[in-house]
Structures are given as structure tokens and as C-alpha cells.
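Asks: Chains as they are written, first to last, in my numbering: chain A, 3 to 87; chain B, 213 to 422.
Worth flagging that the hints you see were computed from the coordinates, not collected in a lab.
Check each hint, because a few of them may be wrong.
Claimed, not checked - Within a straight-line C-alpha distance of at most 25 Å, the following computed SDA-like cross-link-like pairs (lysine to any residue) qualify: (1) B:K342 x B:E361; (2) B:K342 x A:E32; (3) B:K399 x A:R84; (4) B:K399 x A:L45; (5) B:K365 x A:D13; (6) B:K312 x A:R84; (7) B:K365 x B:G335; (8) B:K365 x B:R243; (9) B:K399 x A:R7; (10) B:K342 x A:D13; (11) B:K399 x A:A27; (12) B:K342 x A:L45; (13) B:K399 x A:L15; (14) B:K399 x A:A17; (15) B:K399 x A:G21.
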Amino acid sequence: MEDLRCREFTDFLLAYLDGELDPRARAAFEEHLQACPPCRDYLDSYRRTVELVGTAWSPCGPDDAIPEDAPEELVHAVLEARRRA
Amino acid sequence: MAPARPESPNDPKSAPDPAAEERLVIALRSRDEDAYEQLVRAHGGRMLAVARRLLGDSEDAPDAVQEAFVSAFRSIDSFEGQARLSTWLHRIVVNAALMKLRTRRRKPEQPIDDLLPTFEADGHHREPGKPWQPAARLEQREVHRLVRENIAKLPDAYRTVLVLRDIEELDTAEVAALLEVNAGVVKTRLHRARQALRTLLDPHLRADRE
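Take the sequences, apply the hints, and build the full model.
Replies: Spelled out as C-alpha cells, the structure:
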């Protein structure tokens, strides 16, 4: 695990973020992180990507709150399908 | 402040009155027409949102919700009452949407490998990443649109895992069972999907584009 390179760093990102690296691998990962600015930027943008995915369907304000009400045509279609089933 | 995530079926703030839910389940089991309608009105909107996240804005999404409700009505006797109704329905609509995905005609997809990071022979990044703009400087609504558009560009097998894990908040084992693959495959697809999406977002979000 010594001499971890950018390629391995990138491969281990998910396991690192999920806390699944053993202590030795984690130490090597963090050592590389300290020494490699491009990998620090990569980790930051990877984390930001995960955050952005989690909020991509969230309302940004009261004007675009996701309606919770079922559209009327959906309600009718479901009840009709139930009668036919 | 970070925006709220889409409402999760496990979100306590959406917790219904347990007694009211129990009454609704009893009414559904006795095939009460009003109860069916009440269930659809209470959960249909959120179920449609889940289906659209997996299937896009096509007609497939309402069709999947319709099939999910019919399946739920049929199997209401097997609802054990330990899970919340919303959680149970969430799993059913996810299943219905995945069934639709399996049967619909595949659209041409960009190979995921084209979107993964590349390395020199010595293991260093071929194109070192650049810092992204601070979140506070980005217009949130525009970024949400950008992220949704780019998630839609991912190949189905990867997009599905990304949506199920990072948006619907299912765990690795649940996703593996739904997709009938092992946990290692789910982890690999999730990692590649996140990396590919990062690649697609990078030109829009890096600080040096200003």
C-alpha cells in the first residue's frame, strides 16, 4: 500500500468515504491526499457530486416546491386500473 | 444553507398518525373503494416523483405508478404493519419502475468508460482535476437542473444504482437484491456513476471557467 498512486487513490475513494478501508490502507490514502493537490481536488469534487445528486430534486424555494398531491388523471387511471384488474 | 433532500419515505416529519394508518390498512383489506382512493391521493404524488427519477418524464412513469398501486392493492394482506405504508409503497414503485426499465427499448448510451478518469503509465492523473466553484456562488436552481440533465445522460445500469443509493437512500444490499446482482457490482456501479457524473459536471462547475 506504500507508494499509493493517483490511480489507486481514485479506485479506493468509495471505500474511503464509506469507512471501509483497513487502518493501513486508510493511512496510505490520507498520506497521498496530503501530498497530491489534484487528488484533493478530485476528492472534493467527488464529494460535491454526491451532495448535488442528493439535492437535485429538492425544491429551491416555495415557488417550486414539489407537489405532493397526486395528479387527478393519475388518481383516475389507478382507480380505473383497479376496477379492471 | 443546504437545500433539503427530496422527502424520504423514512423521514419522520412525514410520519402519519399510526392509528389513522392502521384504520386505512383495515379499510383496504376490506376492499373499501374510498380507502383505495385515499391511498392514491396520499401517496401518488410522491410515488410519481420516485418513478420519474428512475424513468424520466416519459409515460412510463405514471404507468409504473399505476402498476405499483394495483400490485399494492392485491398484496395489501401481506403488508405486515411493521414498516410504514409509505416505505412499503416506495419499494413497490421502485420495483415497478425497474420492471419498466428492463422491458423498454434501450436508447443509445455513451459508454461509461469514456467518462471515467484516465491515468498516465506511472499512475498519475492524465488530466489533473481543478477546484470547483464554492457552492455559495452557484445559482441553486440552475445547478439542480444541470445535475438532473447529466444524471439522465448516464447509462441505465449506472444511473439506476446512483438514483437508488444516493437519492432513494436504499442500502447496498437492498439495491443488490432489486437488481439481482451482488453487493460488489452495486458498489462498482455506484462509484463509476459518481465518477462519470463528476466528469460531466466538471466543465460547468470548475472555478477556472469564470
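Asks: It remains to establish, for every hint, whether it holds in the given structure.
Replies: Hints, one by one, checked against the model:
| no. | hint | verdict |
| --- | --- | --- |
| 1 | B:K342 x B:E361 | holds (22 Å) |
| 2 | B:K342 x A:E32 | holds (19 Å) |
| 3 | B:K399 x A:R84 | violated (38 Å) |
| 4 | B:K399 x A:L45 | holds (17 Å) |
| 5 | B:K365 x A:D13 | holds (22 Å) |
| 6 | B:K312 x A:R84 | holds (19 Å) |
| 7 | B:K365 x B:G335 | violated (28 Å) |
| 8 | B:K365 x B:R243 | violated (42 Å) |
| 9 | B:K399 x A:R7 | holds (21 Å) |
| 10 | B:K342 x A:D13 | holds (19 Å) |
| 11 | B:K399 x A:A27 | holds (18 Å) |
| 12 | B:K342 x A:L45 | holds (11 Å) |
| 13 | B:K399 x A:L15 | holds (11 Å) |
| 14 | B:K399 x A:A17 | holds (9 Å) |
| 15 | B:K399 x A:G21 | holds (13 Å) |
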